[in-house]
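Undergrad: If you read the protein sequences in the order shown, they are chains A and B. Residue 0 is where the first sequence starts when you use numbering that gives the first Met the number 0, and the numbers rise one by one after that. Residue 0 is where the second sequence starts when you use numbering that gives the first Met the number 0, and the numbers rise one by one after that.
Please keep in mind that the hints were generated in silico from the structure rather than gathered at the bench. Treat each hint with caution, since some may be false.
[Claimed, not checked] What follows is a list of derived Cβ distance ranges for each label pair:
(1) B/P330 with A/E200: 25 to 33 Å
(2) A/I199 with B/N445: 20 to 28 Å
(3) B/N445 with A/V163: 35 to 43 Å
[As the list claims (entries may be wrong)] Derived SDA-like pairs (lysine to any residue); straight-line CA-CA distance at most 20 Å:
(4) B/K379 with A/G190
(5) B/K428 with A/V91
(6) B/K168 with B/L148
(7) B/K173 with B/L148
(8) B/K386 with A/D82
(9) B/K173 with B/P195
(10) B/K428 with A/N202
(11) B/K191 with B/E109
(12) B/K171 with B/N136
(13) B/K134 with B/R186
(14) B/K388 with A/T73
(15) B/K263 with B/G50
(16) B/K379 with A/N202
(17) B/K379 with A/Q92
(18) B/K191 with B/N219
(19) B/K449 with A/R79
(20) B/K325 with B/S400
(21) B/K449 with A/T74
(22) B/K379 with A/T73
(23) B/K501 with B/K263
(24) B/K428 with A/T74
(25) B/K388 with A/D82
(26) B/K428 with A/R79
(27) B/K502 with B/M107
(28) B/K379 with A/T74
(29) B/K428 with A/G190
(30) B/K428 with A/T189
(31) B/K428 with A/F144
(32) B/K449 with A/T189
Owing to the predicted nature of the structure, the values given are computational and were not obtained by experimental measurement. Note that the Cβ used here is the ideal one computed from N, Cα and C, for glycine as well.
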Amino acid sequence: MTTDPLTDYSSDAETSFEELGSSEAGRTHGLGPWHLAWRRLRRNRTALAFGLLFLALIAVALLAPVYADHVANTTQNRQRIADTLNIGGKEVQVVSFDGVPTGPTWHSQYFIGADGNGRDVMVRLLYGARNSLFIGIFATLLTTFLAVVFGTLAGYFRGVTDAVVSRALDVLWAFPVLLLGVALGVALATGGLHIGPISIENNSLWIPTLIIGVVNTVYLARPVRGQVLSLREREFVEAARAQGAGALRIMFSELAPNLITTVLVFFPILLANAVLLEAALSFLGAGVQPPNPSWGTMISDGLRFIVSAPLLTIAPGLMLVLTVLSLNIFGEGVRDAVDPRARVRLEH
Amino acid sequence: MQVFSRRLFGLLSVLIAAVAIAACGGGNDNSNDSGDSGGGSAESTPAGRDGGEATFAYASFPDYLDPALSYTVAGWQALADTNLPLLTYKRVKGEEGAKLIPALAEAMPEVSSDGTTYTLTLRDGLKYSDGSPVKANDFEHTIKRVINLESGGSSFFTGNIVGAEEYEKAGKAKGDISGITADDATRKITIKIKQPSGQFPFILAMDFAGLVPGDTPFSNETKSPPPGVGPFKITSVATGRSFVMEKNANYPEIEGLPAAHLDKITINAVTQDSRAITDVLQNKADYYDEPPSSDALREFRAQAPERYRGEVTNSTYYYFLNTRVKPFDNPQVRQAVNFAIDKRALQRLFGGLLTPSCNFLPPGMQGYQKIDPCPYGDPKAAPDVAKAKQMIQQAGVAGQSVTVYGNDEELTRNVTEYLASVLTEIGLKPQLRIVNGDVYFQTIGNQDTKAAAGFANWFQDYPHPYNFMFLIDGKSIQDTNNQNFGNVDDPKINSMLAAANKKDISEAAPDYAAVDKQLVTNGDIVPYGNRVLPFIMSNRMDFQSALFHPVLQAVYSTFALKG
């Protein structure tokens, strides 16, 4: 039987009555919202399956060095352009005289072929997954941190603070995200970032992480601000204030726990968005810098060989689709489980 | 275009070098063959018929269609056939094609004994494509336009001709260049230059000096290109999209400069390389000027090999190693890199469109002598990486960090990544910096950047070896816009160049060859090859007679439909 988690609450209602019945027999035992959310998520098999797929992608990415060292016997950047392979007793040029890389060998070396620089595409695909997911996850954590801090400050203090934060977010909102990302990426790709004691090299993964983390902040900061504006008028906040709690304590102890649902609903979607943005920036040369692999740079490199070696473009594209699809479907499942009435989407 | 940007920023260095060169230039017979990797005749031997129309595709619309302003290959290829200068190159392949011949001048210039006065006489009875007579005074107007319009080529003239710099400073379009005098009656043109310069005749043969009428406005005339003397005239322009060249009925037959075969050529700028190549394959277009290495080109070669040939250009692709930055201040480390670079791999990276070489001078250049044996092994054989690793260990620089620069243009990034991988393999720790192509050469040409190693290339402006050698001359080194990226400043090379520059090119060619050998032996740079340009045509065209010139590249006056 298929159920629509957005509309089907019968199971939850049934459970509640059972619990009520048992409370009549003994003690009162209610289910917490997290328990209910987990129960709803468990019943959404599709979302769970895609969640597991995402975990599998992370596992595969973590195993990249193992594959490179023990299976392919190469590194992510080793170039064997003029070398010849012996595959099943047959001599194969890694890159032909006219520059076309070899296709899949279906053997340990060059399993799905070589790129134009004679590098093992499978190895770079796995390292690309590490880089893309590293940037996606840490950028989303940064987005969450910035959004919660600034959204809470704006919503709680209102007035001048709100005006400043909101206008800053408006300015950020006004820029097309990709253009802003490209502008920042190109600027930082040459010299890196050097602010006081903070120094990040130009080819560090932290550069695209910071860029994406900052430009995505607006997507979460606005909902957080809206929720804090509403929460600060609630009785429990009034009560804390009456007991003499300061602003910081109210924000951390009373408001922050109530923002977790919002953050949880947004996180997978923001993560998918970050992975996509990283790929787009890298495709345009403003994200992950060579020689580090990324799915975006691999797609860009592969375009030269779209006819003669289509797998160079298809393989990283497929990985990107799987990652974003898994995160989006799992994210929808989380949203349906945590807040079935919510409508969440990232506006561009 | 990268070539374009290199040219712009190379001007200053060229001029600094030019003033030091004594005696006038001329041809010499010292160079080897042009290295044509494909078919084509050794001399233009038209077998096609006269008349008919053709459609060409350009990778991009030329920067300008005004000889005073254009500074790209696309513009020069068209204007070389519409606005001839006083001197030019014989329209033939090989070393003969790099020799200067008189075009609108009756003969080669008479040079005074002190080498500072050039006297030329205009051919009699010349007419522009609009029918108006060509006058000797038009030459001064032509040069004034180049300077007044602040053309990329202005410094070639302000740096050499007496009074040209003053004319530029005065800022008056109708002012006078004191070093140029002309007499319309006798058709004599006299040019005084500041110092003897072996390169000045080559400057007179540049497209910037293509004659235009004396009443041509001091403005960009791309929309309505000024008339000239040449096999073709430009009859209509849709800026940014297309232009039309038609046979010039007023063109007199000049020895070595054939009249046009085609009646009309329509040239369209295209946005997609693959489409343009396919159009030529399917005979929807007759010629494409810059087909890059791509799947579409490979398909073309497979389906129509008789209509494809690779033309080796007078260019050098190399890696610079900054002799002022550690660890490349150590000659042993520079030599180690030379031992480790696999030129066969680089040839593959360019899709086969690169001829591996050990020399810095390209094969088509006067003064080229193949360095054989190459001190780092045969360029077409595997490198000696083990020896390179050993040298790095001996030098005590293993694990040392180096910045490696490249730009984001197609292939350049891959070539730079290859250098980084080789440096890693021999024990160094490269930090790759990929810079936007528009600012790349300014970036690495700034001493503050301290670029340790990186990509570089050079296409000739004119066929004189110093047009390459200034790139490694110690006196070319500048704080900004430096073209000597590796800061090569070897006293021996500097003195050899100074001595060669004082001689006539015919005598100096072996000296430049010696400099080439010394440079390569030192390992100051890592030259790895000369670029090959694919030449493709439709089945309608007479492929064999179409000339790819060693200086001018495609010469449209030799293009003809099949008979």
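Undergrad: Please name the hints from earlier in the document that this structure breaks, with their numbers sorted from lowest to highest.
TA: Hints 4, 5, 9, 16, 18, 19, 21, 22, 23, 28 and 31 not satisfied by this model.
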